[in-house]
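Number of protein chains: 2
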Amino acid sequence: MPTDFFTANHDMLDGALAAIAHRGYWTPFPESPSPRVYGESAQEEGRAAFARHRNSDFMPDQQSARRVGEEVSPYGDALGVRYPHIAAPDLVARSEAALGQWRDAGPRVWVGVALEALKRLNRRSMEIAHAVQHTTGQGFMMAFQAGGPHAQDRGLEAVAYAWQAMQCVPAEVQWEKPQGKHDPIRMAKRFTIVPRGVALVIGCATFPTWNGYPGLFASLATGNTVIVKPHPGATLPLAITVQILRDVLAEAGQDPDTVLLAAHEARDDMPARLALDPAVRLIDFTGSSEHGNWLETHARQAQVYTEKAGVNQVIIDSVHDIKSVARNLAFSFALYSGQMCTAPQNIYVPRGGIASDDGHLAFDEVAAALAQAVEKLIADPARAVEITGAIQSGSVLQRIDQARALGLPVLCDSRPLAHPAFPQARTRTPLLLKADAKTDRDVILREWFGPIVFVVATDSTDDSIALAAQTVRERGALTLACYTTDDAVARQARRAAERSGVALSLNLCGPVFVNQTAAYSDYHGTGANPAANAALSDAAYVSNRFRVVQTRWHV
Amino acid sequence: MPTDFFTANHDMLDGALAAIAHRGYWTPFPESPSPRVYGESAQEEGRAAFARHRNSDFMPDQQSARRVGEEVSPYGDALGVRYPHIAAPDLVARSEAALGQWRDAGPRVWVGVALEALKRLNRRSMEIAHAVQHTTGQGFMMAFQAGGPHAQDRGLEAVAYAWQAMQCVPAEVQWEKPQGKHDPIRMAKRFTIVPRGVALVIGCATFPTWNGYPGLFASLATGNTVIVKPHPGATLPLAITVQILRDVLAEAGQDPDTVLLAAHEARDDMPARLALDPAVRLIDFTGSSEHGNWLETHARQAQVYTEKAGVNQVIIDSVHDIKSVARNLAFSFALYSGQMCTAPQNIYVPRGGIASDDGHLAFDEVAAALAQAVEKLIADPARAVEITGAIQSGSVLQRIDQARALGLPVLCDSRPLAHPAFPQARTRTPLLLKADAKTDRDVILREWFGPIVFVVATDSTDDSIALAAQTVRERGALTLACYTTDDAVARQARRAAERSGVALSLNLCGPVFVNQTAAYSDYHGTGANPAANAALSDAAYVSNRFRVVQTRWHV
Chain A
1 MPTDFFTANH DMLDGALAAI AHRGYWTPFP ESPSPRVYGE SAQEEGRAAF
51 ARHRNSDFMP DQQSARRVGE EVSPYGDALG VRYPHIAAPD LVARSEAALG
101 QWRDAGPRVW VGVALEALKR LNRRSMEIAH AVQHTTGQGF MMAFQAGGPH
151 AQDRGLEAVA YAWQAMQCVP AEVQWEKPQG KHDPIRMAKR FTIVPRGVAL
201 VIGCATFPTW NGYPGLFASL ATGNTVIVKP HPGATLPLAI TVQILRDVLA
251 EAGQDPDTVL LAAHEARDDM PARLALDPAV RLIDFTGSSE HGNWLETHAR
301 QAQVYTEKAG VNQVIIDSVH DIKSVARNLA FSFALYSGQM CTAPQNIYVP
351 RGGIASDDGH LAFDEVAAAL AQAVEKLIAD PARAVEITGA IQSGSVLQRI
401 DQARALGLPV LCDSRPLAHP AFPQARTRTP LLLKADAKTD RDVILREWFG
451 PIVFVVATDS TDDSIALAAQ TVRERGALTL ACYTTDDAVA RQARRAAERS
501 GVALSLNLCG PVFVNQTAAY SDYHGTGANP AANAALSDAA YVSNRFRVVQ
551 TRWHV
Chain B
1 MPTDFFTANH DMLDGALAAI AHRGYWTPFP ESPSPRVYGE SAQEEGRAAF
51 ARHRNSDFMP DQQSARRVGE EVSPYGDALG VRYPHIAAPD LVARSEAALG
101 QWRDAGPRVW VGVALEALKR LNRRSMEIAH AVQHTTGQGF MMAFQAGGPH
151 AQDRGLEAVA YAWQAMQCVP AEVQWEKPQG KHDPIRMAKR FTIVPRGVAL
201 VIGCATFPTW NGYPGLFASL ATGNTVIVKP HPGATLPLAI TVQILRDVLA
251 EAGQDPDTVL LAAHEARDDM PARLALDPAV RLIDFTGSSE HGNWLETHAR
301 QAQVYTEKAG VNQVIIDSVH DIKSVARNLA FSFALYSGQM CTAPQNIYVP
351 RGGIASDDGH LAFDEVAAAL AQAVEKLIAD PARAVEITGA IQSGSVLQRI
401 DQARALGLPV LCDSRPLAHP AFPQARTRTP LLLKADAKTD RDVILREWFG
451 PIVFVVATDS TDDSIALAAQ TVRERGALTL ACYTTDDAVA RQARRAAERS
501 GVALSLNLCG PVFVNQTAAY SDYHGTGANP AANAALSDAA YVSNRFRVVQ
551 TRWHV
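Sequence lines, in order, name chains A and B. Numbering-wise (the UniProt record's numbering), the first sequence opens with residue 1 and increments by one. Numbering-wise (the UniProt record's numbering), the second sequence opens with residue 1 and increments by one.
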């Protein structure tokens, strides 16, 4: 008798359903890695589990002729994990073969399996944290939180939306149409939720789980089989995830191939082959605009959900206390060395300066305050590396050099930090450059993914807001922040954000940062500007992953 | 003080919200044109209003330099209505100019205006019935029901889904994250529903209101401005609709240009220009697969919802009473001369015949029963023309000739019917041809839009079901019917329908026909096969027409 995972996890689903309705704070997945929360032995077990994966054959149950694996930790060593390699057509054929049983299982099984897997993922957050750290380069705390509980939250959020959408469709109804003095016409109607087919999830190198779970769980919970294709540089976190899902599927009496891992080498054309396969009907992608736009243009047989690149911006109009503003922003610049799709890049400050509670501040004083806050944050390398983590990819290092070569005045230079635990770690602090909205427009309108920040002189706050809105519309953005003590400016910024379609954070000075969003409450992306064609998560994100087929007959 | 149409129509919205949840029978728009329902003078007023439109300048308030209009009634005369012609870029510019105020008005105003317009449309159902009859060729009763109350139902259904989707997003919330012994982090968050932008509705020549209202009202009720581009041969029904909407908008204190009419001549390239305009972000289309596929391929800046062509099929496995089956199907063949996207085309009958309560029936006996039922239905031309209506387009007449020229055995020939009221009416009865699934596959897998039916010999019911499913997957279909007295066959047909993605009607023998669907209960289309990429209506149909933009700040 297969386990009823829906009943077992019903409370967690109810909690998530309530949370997406009230959008207040809630989570079943504690973000503290404390032994009091996850257990005294959790840290050591997680470390040991990660160590066992290294230099081993992963997923023996997903049979394949050969193995691939080329992950190198941004902290130094090659991981040596060898994953099964299966050709794209074979992956699709196996996924299609699993689809028949999975589609017949119905929403309770789909959602039950998803919930159980999320619960088990949570228990393995320590192991996943190490896997995330040593593929993405994130510091351990971020790797734990963003790669573990916060990613699980985003997955559960998607499952809740999926269940909510499917629950709106009654399974069977009676339809009775009055006919005046005659007997009414009576019909019975049955409505069946059917999946779209095979779904593909294309993971990214920086947040494999956080960005991968929403699409994975949304597609799975609506009856689709899923092929998970991680980035070749960040495969392990999603491979562990797939393994857990396959275990849960087997216990539920389902075919483990309902979820498959598509590991591949960097130069393999597997991603394109999978994406263009006629049987692949859903694609979730996180990555570059170039690849995302390619998918949207060419993978026409599928619904394609993309999160691409953008230019995130901060408008500084006026402040109470420049130091607390600078402290908050400096953390956002340094966090994971700006390798977040939500990290701020352009900081707009009127060239005539701004008002503060301590009097007028010249542009250069604001710029200097930002630079000083960064310097202070990174003053202790041992502490700083826990914030910056390591650089995921060599292209980010090159980009820092390119930015430095622009010849703009350097407010704060980027430099390596000595990592006490990992001497080989590829670390970099933020590079702050001074720019001008008039003369450097081409530069600042490009995305500079990495720890690269431009403090940009504008004509006025009106100019800052107009430039921000135009940039959102033309280049896309995931975040916009505004600092102002003037309610009218705040309203103006909100109006510009709503018209250009980007989430706005006002006056963040405390422990909430513009590059962080909270599941069940903050939407990640809006789907209303070029940075993403969907938001994580909402009804639009799930409701097109299934269809309804009805049968009617007289009774 | 502008009128609060939301409060005024709240009961109707509540009724619709309940109906889409229980999917039982419900409507606020009576389908009987009886004077007891619509008023003693309604018929005469509707006739007079239609007469006044003829040979007149329509919509004086939508200014334009020149006028166009080339509608000719399938019942004889040119209508002579002259509509304002505005170039595509000017239409888009006017729609964009209206967008600012409309987006700020918010969901209550958007939905209120939509509800009020639907209520007023209902009151003018007689006038619209004449307009629909004399553009599409439908018989008066169908023009009244499908063009009036049933179309209004589909519009209201879409508004209800839109409201439901928008209501799931709270307007403003408090978010409070516990911090152990410290004070919690408190934030306020505001969530604003924002439209996608300018929406385009491309109407069809056969059901301008029924197929046009869902997209029109779904886009309008989610804050988008709408350009309504009717078919040049069936402009008046949508022109009246646009005029009513503009009146309601003005009374609500909104810009009437929130809804614009895009009338054009048949050879004008306006449709393509509108569809490709970068400002057009939503497109709803009903029409040929060729045009629908073109839109999906080229109008990449927009969300495109299409209802295209398909091959609708009937599987006859076994019957209680062949006469009642044939009577039901004959009506579906004759109704509006098969010019419905839901009309059955291929009737699959095992070549060895079928079982019935009266004993075994040979294939030819089944075919003959169908032909006899058609002959009986059309025996009285004066009565028959009320069912068949008239042929909308010359291409349908040509298609009947092409079908006849295939050389297949004729079971029942197509012929004109004398119309007592309109001697010039272009009428045709159904053409029934005998075909074989083995030898005539290429023929029957094509869509033959019009009163053209193939009674197709198959190897067995298994063969019929497999052929039907394959046809749905490859060619698309909006309807599938199955007649069987065997529960196992019914289950098999349902499984095939669910796997190929088409709605199934079982054993329709009474006053419900396979080509008719009831709003709030039956989905029209599934979005799961090539005939349509969306269903009328469901959450997926509305939830991507708006986005949510949030602002958060510390409190």
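Just so you know, these hints were derived from the structure itself, not from any lab. A few of these clues could be false.
If chains are identical, the list can't say which one is meant, so a pair holds when it fits in one copy or spans any two.
Straight-line alpha carbon distances no greater than 20 Å define the calculated SDA-like cross-link-like pairs of lysine to any residue that follow [to be verified]:
id, residue 1, residue 2
1, K323, A362
2, K434, V410
3, K119, Y25
4, K177, R123
Determine which of the earlier numbered hints do not hold for this structure and return their numbers in increasing order. 4
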